[in-house]
Amino acid sequence: MTTKRWQLAHGRHLDLGGKAIVVGILNVTPDSFSDGGLFVASDQAVAQARRMLEEGASVIDVGGESTRPGASPVTAEEEQARILPVVKALARLGEALISVDTYREDTARLAVAAGAHIVNDVWGLQREPGIARVAAETGAGLIIMHTGRDRQKLPDVIADQFLFLRKSLEIAHANGVADDQIVLDPGFGFAKETAEENLDLMARFSELDALGFPLMAGTSRKRFIGAVTGRDATARGAGTAATSVILRLKGAHLFRVHDVAINVDALALADAMLARKSGSIFGKPDA
Numbered sequence: 002m003t004t005k006r007w008q009l010a011h012g013r014h015l016d017l018g019g020k021a022i023v024v025g026i027l028n029v030t031p032d033s034f035s036d037g038g039l040f041v042a043s044d045q046a047v048a049q050a051r052r053m054l055e056e057g058a059s060v061i062d063v064g065g066e067s068t069r070p071g072a073s074p075v076t077a078e079e080e081q082a083r084i085l086p087v088v089k090a091l092a093r094l095g096e097a098l099i100s101v102d103t104y105r106e107d108t109a110r111l112a113v114a115a116g117a118h119i120v121n122d123v124w125g126l127q128r129e130p131g132i133a134r135v136a137a138e139t140g141a142g143l144i145i146m147h148t149g150r151d152r153q154k155l156p157d158v159i160a161d162q163f164l165f166l167r168k169s170l171e172i173a174h175a176n177g178v179a180d181d182q183i184v185l186d187p188g189f190g191f192a193k194e195t196a197e198e199n200l201d202l203m204a205r206f207s208e209l210d211a212l213g214f215p216l217m218a219g220t221s222r223k224r225f226i227g228a229v230t231g232r233d234a235t236a237r238g239a240g241t242a243a244t245s246v247i248l249r250l251k252g253a254h255l256f257r258v259h260d261v262a263i264n265v266d267a268l269a270l271a272d273a274m275l276a277r278k279s280g281s282i283f284g285k286p287d288a
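Going by our numbering, the sequence shown opens with residue 2, and the numbers climb by one from there.
One thing to keep in mind: the hints can contain errors.
Unchecked claim - Dumping the calculated PhoX-like pairs for lysine-lysine here, alpha-carbon to alpha-carbon at most 20 Å:
#, residue 1, residue 2
1, Lys251, Lys278
2, Lys20, Lys251
3, Lys278, Lys20
4, Lys5, Lys251
5, Lys5, Lys20
6, Lys168, Lys154
Bear in mind the hints are in silico, worked out from the structure with no lab data behind them.
Please put together the full structure from these sequences, using the hints given.
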């Protein structure tokens, strides 16, 4: 897999391709679908972040508003009150790359100023295009996610990805975001209502390479995994790890997960397989 350098805020970067990158999910919300209320207090959130870093996460993705279907929206002020103390605390530790999960321009700007390196927009710049200006002005890494919410989707799962993400990329480029700041996320579970639709997206994931950007997979504990395994949300770690392996072998670079350790181990095996296929293993020439 070709290595690409992802440029981030505050002079940081990540090299994507040679090794799967695990992004630990840190929801500082009372109502997220599988971990709501667990990490609302800043000290709890920082402790969880440190656990995920110890288990092998490279990035901590901090979110202050639940994106589950039917979740109650929060004000920008409430979102900022939840996430900014955590971002500042993590920045003081200096151990992690910090991502902020928001679609709001003002929240993104404040979070990067507080120490965040990446902005993760689940509306793909199409709700508040000013997110792109924040990335351009600060040099932040930008994750652009596909969603089918609040619009009519095309019937073909990949055609709809291209339709939506190409519009998002036009917004990014019009606002001065460089290509080496951008990662794309196909948005598993975001208005992909059936298990079949999500499985089809997994099966055809490698077709997204045609867009020319590194890819992030966010399947963690999603409902389609429960539909296949019969497991409740908090018991979907193994199912999530299986999807991570499949998607790594199909070209994904980053994996946004709740259960870090099991995914780190699973992805180490996937990386070993990829290395074997390319003629080397564990970074050494194949004898």
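Right, here's what the structure says about each hint:
no. : hint            : result
1   : Lys251 / Lys278 : holds (13 Å)
2   : Lys20 / Lys251  : holds (14 Å)
3   : Lys278 / Lys20  : holds (14 Å)
4   : Lys5 / Lys251   : holds (16 Å)
5   : Lys5 / Lys20    : holds (11 Å)
6   : Lys168 / Lys154 : holds (14 Å)
Comparing the model with each earlier hint shows no violations; every hint is respected.
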